[in-house]
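Undergrad: Mature numbering (1 follows the signal peptide of the UniProt record, and there is no 0) puts the sequence shown at residues -23 to -1, 1 to 288.
Hints in this document: simulated from the structure, not taken from any laboratory. Hints are not guaranteed to be accurate.
[As the list claims (entries may be wrong)] Pairs of lysine-lysine residues, derived as DSSO-like cross-links and limited to a Cα-Cα distance of at most 30 Å, are as follows:
| # | residue 1 | residue 2 |
| --- | --- | --- |
| 1 | Lys9 | Lys164 |
| 2 | Lys56 | Lys149 |
| 3 | Lys88 | Lys9 |
| 4 | Lys88 | Lys119 |
| 5 | Lys241 | Lys159 |
| 6 | Lys9 | Lys119 |
| 7 | Lys71 | Lys9 |
| 8 | Lys119 | Lys19 |
| 9 | Lys241 | Lys217 |
| 10 | Lys125 | Lys88 |
| 11 | Lys95 | Lys58 |
| 12 | Lys9 | Lys53 |
| 13 | Lys141 | Lys19 |
| 14 | Lys119 | Lys95 |
| 15 | Lys71 | Lys88 |
| 16 | Lys86 | Lys119 |
| 17 | Lys217 | Lys125 |
| 18 | Lys141 | Lys9 |
| 19 | Lys71 | Lys53 |
| 20 | Lys119 | Lys164 |
| 21 | Lys71 | Lys119 |
| 22 | Lys159 | Lys125 |
| 23 | Lys125 | Lys86 |
| 24 | Lys149 | Lys159 |
| 25 | Lys217 | Lys164 |
| 26 | Lys141 | Lys125 |
| 27 | Lys125 | Lys149 |
| 28 | Lys88 | Lys19 |
| 29 | Lys164 | Lys241 |
| 30 | Lys164 | Lys149 |
| 31 | Lys119 | Lys53 |
| 32 | Lys95 | Lys56 |
| 33 | Lys88 | Lys56 |
| 34 | Lys86 | Lys9 |
| 35 | Lys56 | Lys9 |
| 36 | Lys141 | Lys164 |
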Amino acid sequence: MNIKKLRIVAVVMLVTLSFQLNAQERKSIEGKWNLTISQDGKQLPSWLEISHSGFNTLVGRFVYAFGSARPIAEVKLNKGKFSFAIPPQWEPGKRDMEFEGVMEGDQLKGKMVYTDGKTYDWTGTRAPQLDYNPQPVWGAPKALFNGKNLEGWHAMGTNQWIVKDGILASEKSGANLVSDEKFNDFKLHIEFRYPEGSNSGIYLRGRYEVQIVDDIQLEPASILFGGVYGFLTPNEMVAKAAGEWQAYDITLIGRRVTIVANGKEIITNQNIPGMTGGALDNNEAEAGPFLIQGDHGPVEFRSIVVTPALD
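The whole structure should be built from the sequences, with the hints applied where relevant.
TA: As structure tokens, then:
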């Protein structure tokens, strides 16, 4: 073989090796990751998904400590380091949030430049797979609200929640309310009403928000009535008029959720990809409480009943 042919073979081999190494790097960071951002003395749960698009491009989705899942147009990868940027959503300021990271062992770590220009560290672990039992054994239904007081619940901050005439109410924006008891798989029945234009939500295991919001006659969306915030869109809008009592019947087994709203099944056995904004944590393999959102607008509840799956 002459020198020219040897050079061509060598170039082809180098290109092939480079492509294989890049492919391995891409594959290693693909997937769903639960992030923890160390920001201003707090450990903020966040979520990242990285996937491939076509032959060489990486794309993704990101959930910050608040707000909905937002798309990442491109995750850039160079010599083991990856980076991406996303525009602000509900964050203060106008500059993009910028992320860079590396994979160390089976974890991710890196830095985030926030919309205020400050830099913070973050770490990430691969999101766990959650077992799905198609035929769980259900326990006895249990009322989480006794109709008399806040027993079994605690406010995250200065409490504005009251109980009057058998109704649990937040008459103004204030603290979120969290159940003392934690659950794995369950069926939940919850009845609620809100005034015109108000907004609340119920967090399953404290991690996945199902929207409670005045959206009558709007097209369904993941951020509107009955949606799993930013992830799952109902197949129809079934919200009643503000001031009327409404109900959700929610079944959560592993990641799979079914939501019946006002007697109609609007989400059927769908996987929740990861935590939604405002989650208490992203320790998805663990049991978690219910969280009722009280920091957006007035809302009332008259029945909260959970039926846990037996281990």
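Undergrad: For each hint, tell me whether it holds in the structure or not.
TA: Taking the hints in turn, this is what the structure says about them:
Note on Lys9 and Lys164: the hinted pairing holds, with a Cα-Cα distance of about 26 Å set against a maximum of 30 Å. Using a Cα cut-off of 30 Å, the hinted pair Lys56 and Lys149 is violated, with the two alpha carbons roughly 52 Å apart. Taking the CA atoms of Lys88 and Lys9, the gap is about 18 Å. The hint holds against a cut of 30 Å. Of the supplied pair hints, the one linking Lys88 and Lys119 is violated, its CA atoms being roughly 44 Å apart against a limit of 30 Å.
For the hint pairing Lys241 with Lys159, the CA-to-CA distance comes to about 27 Å; that is within 30 Å, so the pair holds. For a cut-off of 30 Å, the pair hint linking Lys9 to Lys119 is broken: about 34 Å separates their Cα positions. The suggested pairing of Lys71 with Lys9 holds, with an alpha-carbon distance near 27 Å, which does not exceed 30 Å. For a cut-off of 30 Å, the pair hint linking Lys119 to Lys19 is broken: about 34 Å separates their Cα positions.
A hinted pair counts as satisfied when its Cα atoms are at most 30 Å apart, and Lys241 with Lys217 qualifies at roughly 12 Å. Pair hint Lys125 plus Lys88 does not hold up; C-alpha atoms about 48 Å apart against a cutoff of 30 Å. At most 30 Å may separate the alpha-carbon atoms for a hinted pair to count; Lys95 and Lys58 meet this at roughly 21 Å. The suggested pairing of Lys9 with Lys53 holds, with an alpha-carbon distance near 17 Å, which does not exceed 30 Å.
The suggested pairing of Lys141 with Lys19 is violated, with an alpha-carbon distance near 35 Å, which exceeds 30 Å. Between Lys119 and Lys95 the CA atoms are separated by roughly 46 Å; this puts the pair beyond 30 Å, and the hint is violated. Restraint check for Lys71 and Lys88: satisfied, since their Cα atoms lie roughly 19 Å apart, inside the 30 Å limit. For the hint pairing Lys86 with Lys119, the CA-to-CA distance comes to about 42 Å; that exceeds 30 Å, so the pair is violated.
Straight-line distance between C-alpha atoms of Lys217 and Lys125 comes to about 27 Å, which keeps the hinted pair within the 30 Å bound. Pair hint Lys141 plus Lys9 does not hold up; C-alpha atoms about 43 Å apart against a cutoff of 30 Å. For the given pair, Lys71 sits about 22 Å from Lys53 by alpha-carbon distance, which is consistent with the 30 Å threshold. Using a Cα cut-off of 30 Å, the hinted pair Lys119 and Lys164 holds, with the two alpha carbons roughly 10 Å apart.
At roughly 47 Å between alpha-carbon atoms, Lys71 and Lys119 are farther apart than 30 Å, so this suggested pair is violated. The straight-line distance between the Cα atoms of Lys159 and Lys125 is roughly 21 Å, inside the 30 Å bound, and the hint therefore holds. This hinted pair does not check out: Lys125 and Lys86 have alpha carbons roughly 47 Å apart, beyond 30 Å. Among the hinted pairs, Lys149 with Lys159 is consistent with the structure: their alpha-carbon atoms are about 26 Å apart, no more than 30 Å.
About 22 Å separates the Cα atoms of Lys217 and Lys164, which keeps this hinted pair within 30 Å; it holds. Annotation: proposed proximity of Lys141 to Lys125 holds, straight-line Cα distance about 8 Å (limit 30 Å). Restraint check for Lys125 and Lys149: satisfied, since their Cα atoms lie roughly 20 Å apart, inside the 30 Å limit. For the hint linking Lys88 to Lys19, the alpha-carbon distance of about 15 Å falls within 30 Å, and the restraint holds.
Distance hint between Lys164 and Lys241 is fulfilled; the C-alpha atoms sit about 16 Å from each other, no more than 30 Å. A C-alpha spacing of about 29 Å is found between Lys164 and Lys149, which places the hinted pair at or below 30 Å, so the restraint holds. For the hint pairing Lys119 with Lys53, the CA-to-CA distance comes to about 49 Å; that exceeds 30 Å, so the pair is violated. About 25 Å separates the Cα atoms of Lys95 and Lys56, which keeps this hinted pair within 30 Å; it holds.
In summary, the hint linking Lys88 to Lys56 is supported, as the alpha carbons are separated by about 17 Å, within the 30 Å threshold. A C-alpha spacing of about 14 Å is found between Lys86 and Lys9, which places the hinted pair at or below 30 Å, so the restraint holds. A threshold of 30 Å between alpha carbons decides the hint, and for Lys56 with Lys9 the separation of about 21 Å falls inside it, so the pair holds. A hinted pair counts as satisfied when its Cα atoms are at most 30 Å apart, and Lys141 with Lys164 qualifies at roughly 26 Å.
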